[in-house]
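Number of protein chains: 2
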Amino acid sequence: MRGASKPESYVHGYGSAEATRLADQADTLAELLHHDTHYAPGDRVLEAGCGVGAQTMHLLARSPEALFTCIDREASSLAAARAAVGGLPAAAQVSFAEADLFRLPFPSASFDHVFVCFVLEHLACPEDALRALMNVLRPGGSITVIEGDHGSTFFHPHSEKAQRTIECLVKAQAHGGGDANIGRRLHPLLTRVGLREVRVSPRFVYADSSRPRWVDGFTNKTFIAMVEGAREVSLRLGLVDEKAWEEGIADLKRAALDDGTFCYTFFKATARVD
Amino acid sequence: MRGASKPESYVHGYGSAEATRLADQADTLAELLHHDTHYAPGDRVLEAGCGVGAQTMHLLARSPEALFTCIDREASSLAAARAAVGGLPAAAQVSFAEADLFRLPFPSASFDHVFVCFVLEHLACPEDALRALMNVLRPGGSITVIEGDHGSTFFHPHSEKAQRTIECLVKAQAHGGGDANIGRRLHPLLTRVGLREVRVSPRFVYADSSRPRWVDGFTNKTFIAMVEGAREVSLRLGLVDEKAWEEGIADLKRAALDDGTFCYTFFKATARVD
Numbered sequence: 365m366r367g368a369s370k371p372e373s374y375v376h377g378y379g380s381a382e383a384t385r386l387a388d389q390a391d392t393l394a395e396l397l398h399h400d401t402h403y404a405p406g407d408r409v410l411e412a413g414c415g416v417g418a419q420t421m422h423l424l425a426r427s428p429e430a431l432f433t434c435i436d437r438e439a440s441s442l443a444a445a446r447a448a449v450g451g452l453p454a455a456a457q458v459s460f461a462e463a464d465l466f467r468l469p470f471p472s473a474s475f476d477h478v479f480v481c482f483v484l485e486h487l488a489c490p491e492d493a494l495r496a497l498m499n500v501l502r503p504g505g506s507i508t509v510i511e512g513d514h515g516s517t518f519f520h521p522h523s524e525k526a527q528r529t530i531e532c533l534v535k536a537q538a539h540g541g542g543d544a545n546i547g548r549r550l551h552p553l554l555t556r557v558g559l560r561e562v563r564v565s566p567r568f569v570y571a572d573s574s575r576p577r578w579v580d581g582f583t584n585k586t587f588i589a590m591v592e593g594a595r596e597v598s599l600r601l602g603l604v605d606e607k608a609w610e611e612g613i614a615d616l617k618r619a620a621l622d623d624g625t626f627c628y629t630f631f632k633a634t635a636r637v638d
Numbered sequence: 365m366r367g368a369s370k371p372e373s374y375v376h377g378y379g380s381a382e383a384t385r386l387a388d389q390a391d392t393l394a395e396l397l398h399h400d401t402h403y404a405p406g407d408r409v410l411e412a413g414c415g416v417g418a419q420t421m422h423l424l425a426r427s428p429e430a431l432f433t434c435i436d437r438e439a440s441s442l443a444a445a446r447a448a449v450g451g452l453p454a455a456a457q458v459s460f461a462e463a464d465l466f467r468l469p470f471p472s473a474s475f476d477h478v479f480v481c482f483v484l485e486h487l488a489c490p491e492d493a494l495r496a497l498m499n500v501l502r503p504g505g506s507i508t509v510i511e512g513d514h515g516s517t518f519f520h521p522h523s524e525k526a527q528r529t530i531e532c533l534v535k536a537q538a539h540g541g542g543d544a545n546i547g548r549r550l551h552p553l554l555t556r557v558g559l560r561e562v563r564v565s566p567r568f569v570y571a572d573s574s575r576p577r578w579v580d581g582f583t584n585k586t587f588i589a590m591v592e593g594a595r596e597v598s599l600r601l602g603l604v605d606e607k608a609w610e611e612g613i614a615d616l617k618r619a620a621l622d623d624g625t626f627c628y629t630f631f632k633a634t635a636r637v638d
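Order-wise, the sequence lines are chains A and W. Take 365 as the starting number for the first sequence in this note's numbering and just add one per residue. Take 365 as the starting number for the second sequence in this note's numbering and just add one per residue.
Isolated chain A, as found in the complex (with noise of 0.2 Å):
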């Protein structure tokens, strides 16, 4: 759901409101998305894509003894990731370089681990940035990947209206060359590249009035938010007029009432190279 290696078809855009978007975003989910990725003290870890530091924060903290790169095409989403990671007592374990996912400035075998998330989702070949990443892994290491699903998506109440302007989010991805619904097709994709010991674990978010946390930093401000700044892109396209557009959100936003019901579903991949 955010940063890419290039930044023609990122189709969130780079502006400050999409910066607090990414940041509400990666605090809600980040016990559910990231509970269970710990690194040693002294591993070697790459985060490809690492945006504005959404999930970098999280990595850190709970791997303050880990030793990461974090690298990025934007410069200036790197200079936020800094800012956002500079205060930190663990900030000294990262470093930040301006770097292409697909001509890394790395030698082989430069590290343990390999973390992407909501990177592959941008890519026109997302085959092509595995192989670059599992180049730089000394062998034996792992790769964890972590990407959406926008076609998981389902609500109460119910409306075509909404699944339409979400589509059109999709549609945007696509003229982009990303896939919006990469989350499902993980598995077949890290085997296909020649990855081992493939493993995926769904991750659900569910919402309802029970769960007012999940309702605003999750439908609210996280996936409404998200369509929503599609919209400049998806009138462009031609993908929707903006009568159906205003209609497709305004029925988006019925799913966050007191009686409605919000469900996406995030794929947390883990592998290893030989």
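If you are wondering where the hints come from, they were derived from the structure by calculation, not from laboratory data. Every value quoted in this text rests on a predicted model; they were computed, and no experiment measured them. One thing to keep in mind: the hints can contain errors.
No copy is singled out in the list; a pair is fine if it fits within one copy or between any two copies.
What the hints assert, rightly or not - With a straight-line cut-off of 30 Å between C-alpha atoms, the simulated BS3-like cross-links for lysine-lysine are:
| # | residue 1 | residue 2 |
| --- | --- | --- |
| 1 | Lys617 | Lys585 |
| 2 | Lys607 | Lys617 |
| 3 | Lys535 | Lys525 |
Given chain A, work out where chain W should sit, using these hints.
Same frame as chain A, but now just chain W:
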């Protein structure tokens, strides 16, 4: 996904292939759906719409000293349930009765707990069913509701044809007055009838080639078998033609191959009466 109290609206029919499918389904899903349902020794539990007893056996295994009363409107299903439970060591803890959910032959406050699984989805007015069940619960008694949500289904490779075939099942169920997408609305449904402490816990099923038990037990033997069981009614209702049906089923089976994945969400709700 099974036994309703209204035979005329039970989309899956009552044949023996259906009974085999239900047993396979219950075995595969038992741990996921029932692991956290335990009733204390002596607790009086009403299982409403027990069907062929597929869930009864798992309830009994987890609460061998509770006293179960299992009802269904369909005599042939009840006979199968009696036969299935009869051989178990705790069989004496279970009594069966042919009874209608909407005209329960029990005085008020007869039970400490009510359990309903894959029943509300088949009813035109699940609110009335819940009210009838609440009436036979003692004050403070609990109700547990488990339902699927066919609209939660997604898979890889994605196929519109397969999605439309699943949609036939949803429409056929709606034709009988039911709602195959009821899972997502359990929270508002249970809240609206006046139940307290309503908590909904989604149970996500994910199958890929690293989880052969789920591919075989769920994707193939539960879900696809269920969809295939709705072929006749779907054709009869004119929801689809034979060619489109066969293509949809073929695409659905594609998701059970080595590079496919399959996802489905059940919802388990618990609540109390005042």
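Now the hints, each set against the structure:
{"no.": "1", "hint": "Lys617 - Lys585", "verdict": "within (11 Å within a copy, 37 Å between copies)"}
{"no.": "2", "hint": "Lys607 - Lys617", "verdict": "within (15 Å within a copy, 39 Å between copies)"}
{"no.": "3", "hint": "Lys535 - Lys525", "verdict": "both (15 Å within a copy, 19 Å between copies)"}
When held up to the earlier numbered hints, the structure conflicts with none and fits them all.
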